[in-house]
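Required output: the full structure, derived from the provided sequences and hints.
Protein chains: 2
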Amino acid sequence: MKIVLDCMGGDFGPGPNVEAAVHSARAHGYEIVLVGKQELLRPLLVQHNTANLHLPIVHAPEVIEMHEHPAQAVKSKKNSSMVVGMQMVKNGDADAFVTMGNTGGALAAGLFYLGRIKGVQRPCLSSAFPTTRGWVLLADLGANADCKPEWLAQFALMGGIYAERVMNIHNPRVALISNGEEETKGSELVQETHQLLKKMPLNFIGNAEGRDLPAGNADVFITDGFTGNVIVKLSEGMGSFINGMLKEEIMRSPLSKLGGLLIRDAVTRVKKRTDYEEIGGAPLLGVDGVVIIGHGRSKARAIESALQRAAESVERGVVSAIERGLEALPAA
Amino acid sequence: MKIVLDCMGGDFGPGPNVEAAVHSARAHGYEIVLVGKQELLRPLLVQHNTANLHLPIVHAPEVIEMHEHPAQAVKSKKNSSMVVGMQMVKNGDADAFVTMGNTGGALAAGLFYLGRIKGVQRPCLSSAFPTTRGWVLLADLGANADCKPEWLAQFALMGGIYAERVMNIHNPRVALISNGEEETKGSELVQETHQLLKKMPLNFIGNAEGRDLPAGNADVFITDGFTGNVIVKLSEGMGSFINGMLKEEIMRSPLSKLGGLLIRDAVTRVKKRTDYEEIGGAPLLGVDGVVIIGHGRSKARAIESALQRAAESVERGVVSAIERGLEALPAA
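These protein sequence lines map, in sequence, to chains C and P. With my numbering applied, the first sequence corresponds to residues 5 to 336, in that order. With my numbering applied, the second sequence corresponds to residues 5 to 336, in that order.
Copies of the same chain are indistinguishable here, so a pair counts whether it falls within one copy or spans any two.
Computed cross-link-like contacts, DMTMM-like style, restricted to lysine to aspartate or glutamate with a CA-CA straight-line distance of at most 20 Å:
(1) 275 / 240
(2) 152 / 196
(3) 251 / 269
(4) 189 / 72
(5) 251 / 279
(6) 82 / 43
(7) 275 / 252
(8) 189 / 69
(9) 189 / 150
(10) 152 / 192
(11) 122 / 292
(12) 94 / 292
(13) 303 / 240
To be clear, the hints were calculated from the coordinates, so they are not data collected in a lab.
Here it is as structure tokens:
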């Protein structure tokens, strides 16, 4: 197993990436290619015990920054860690690519350098979403603001395959996000997609409303990239909002301050249950290779999990399963 | 001031409606027409001291239930409290209509019996949304799953007028919900709407992302009814999700249980700050009359607030301001 890790991605720089690579190589025997600025990576790597580990550095002098326009950056920065890493997968020099960097950049680089799996109309971004019943998969996250019903149907198929093979969910329940449960509810896009999904070889459980998402009432939630993006950013914002307001109110009296101290461990456990550390990253589905994108805020443990998701995606043949799944669909 | 209150609406039946009407009549001197089943309303009303108050009962033997198909119910149940009440406003027998009932029913009855304000292409549902900086207005909530740019531009104008006149926000900041801040981001609908909004006599501050909503980074958030519905249901769901998970973790140890008791007042204050009690209801914007729709979960205090919003909407001329605002727009 040979995974390329974009060591320049993420809010905390190369440090957590290198640390995660060392741990993963030791724990699982993976070869992890560290791609990025070698003058930064080498001094970090020598701080670790890397005896008997396969951790080659591939120099990439450029970086696609978080604020850059994805498509432009990917085209102009051919020596960026994102492009160099993606090309290694394309050329067969590595099995998978993992990044905590610019999500749009990873999408653009994936489309441009890996291309689409045969039969895929549009790749989609996915994300793990924390729920009462554990993590579920949400797609699209913003790769396609305007979608066609056929695209959403493919997102459902791809998401279902990933959930089954990598998230270990048997016969995952797939739901379509709508503004009402009934199949007559929804935008035109959703109503047409609903009819397509009913005919597909999926455990399609129908429309889901916004509240079904945190309740975990499906395993895979499908929506267009516009709505998906609003959902993810709103739910992150709601978390901070409730947390911030609770802190503010707790600070108003000495007794509630004491209460705040006593529930600190409980709060930490809640954060852990909703944190990306465990899940690490989610796949860019539909490109012709395994690409796992993690959160910019990821620390070493989350990056290790992302590397794990990448390895499982390779071992469990997610890409070829998607290709076969699409081939097996009856012609529209 | 004569307000019709649909006493059959809401999850708790006529009790809280009657109670709210009595309080409002006493506190503000309003005449409140109680519309609903008189055999239920009369015994409730006599339990209160109603000396010198104007609280006539208008009998309406039918009820539009929460689960009913709105347009069908409104057409078939001509003697429902919703239809009877709305017709009183239409006929000039009352100044405003307030309901905690079926939102879709209120929209359908409003469209059917009150009609649209001159120049309005589509009415929209709005909702008060709790944020770090207080309550803001969100529209559309689901009246129009598929929208045109011109409709969204009108929602912005109407929402801005309501925020200024009734929510007392001077020169309210209007934002368009999108999947990115830049004006080039968004679905086709959002990109076109953005260009329209830039030309309108509004304090348009640009696109807002999901996280800007709980942060209160605008006073009026505009979106299509599909996205608006997902937002409201997701945010309600997120609240329960975080609350439920925190409770679960707090119950795991005796010390954190004690902590939970000590922060109980703080939690109550958080709930109060995010509860609809204060705000009561939000307007159905664009119909030719004042209609305020409250949450089904409303208790007496929330219904009182909704009656207050209705009175303010009448006093401050929201309907005629919308008509004048639309007339003043340059032709498209």
